[in-house]
Amino acid sequence: EPEVTQTPSHQVTQMGQEVILRCVPISNHLYFYWYRQILGQKVEFLVSFYNNEISEKSEIFDDQFSVERPDGSNFTLKIRSTKLEDSAMYFCASRPGGGYEQYFGPGTRLTVT
Amino acid sequence: AQSVTQPDIHITVSEGASLELRCNYSYGATPYLFWYVQSPGQGLQLLLKYFSGDTLVQGIKGFEAEFKRSQSSFNLRKPSVHWSDAAEYFCAVDLNNDMRFGAGTRLTVKP
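Protein chains in written order, with my numbering: chain W, 1 to 113; chain R, 1001 to 1111.
Treat the hints loosely; a few may be bogus.
Restricting the straight-line Cα-Cα distance to at most 27 Å, the calculated cross-link-like pairs of lysine-lysine (DSSO-like) are [stated by the list, open to error]:
id, chain 1, residue 1, chain 2, residue 2
1, R, K1110, W, K42
2, R, K1110, W, K57
3, R, K1068, W, K42
These are computed hints drawn from the structure, not numbers from a lab.
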């Protein structure tokens, strides 16, 4: 069964550094998402992406964040200058064009020191 | 304001007992409704979903949920809990391609 994959599984970075989290959505899906879960808290929506542009973003998704689908298979989340409070689990999800269910990847744990 | 509420932060049940986890939503229209389970350090696994039709939906691992429009609720149930069900459970709603999660309910199962 096709799955959403994410790399790396765990990323440690220093405050102020740029990080890129990578996701490979399911191949025929058209909608792509990033979510964040700070340890012990709920899953929060960051951004949705469709037709090569952002369709929705939350108040969390400020100018430090950007998303890209560089090559038709990968979907990336970039944090330009990480802060301690960016430490969280980041989940990627994708959805087919005609469906309503989002398929989640296993997550990338980002630790900012 | 649109919101998803899981009133119970933590529930403890004995193995073999029945379980009900509550979820309420506040949206102008009926959203699509989901329950996810998350084991420690793991990702989100979809248990079940409701889009339309029969208001009682069956999911994996013996879970079911009932949509009640009049109460804006989508409670998750299981008749007999197993120790392996101990996890965090999240209710989620999706309206117009905008998915929001509840705060989660942590389930502890006593032997």
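Checked hints:
Under the criterion of a C-alpha separation no larger than 27 Å, the hint pairing K1110 (chain R) with K42 (chain W) is consistent with the structure, at around 24 Å. Of the pairs offered as hints, the one joining K1110 (chain R) and K57 (chain W) is violated, with about 41 Å between alpha carbons and a cut-off of 27 Å exceeded. Under the criterion of a C-alpha separation no larger than 27 Å, the hint pairing K1068 (chain R) with K42 (chain W) is consistent with the structure, at around 24 Å.
The earlier numbered hint that this structure contradicts is number 2, and it is the only one.
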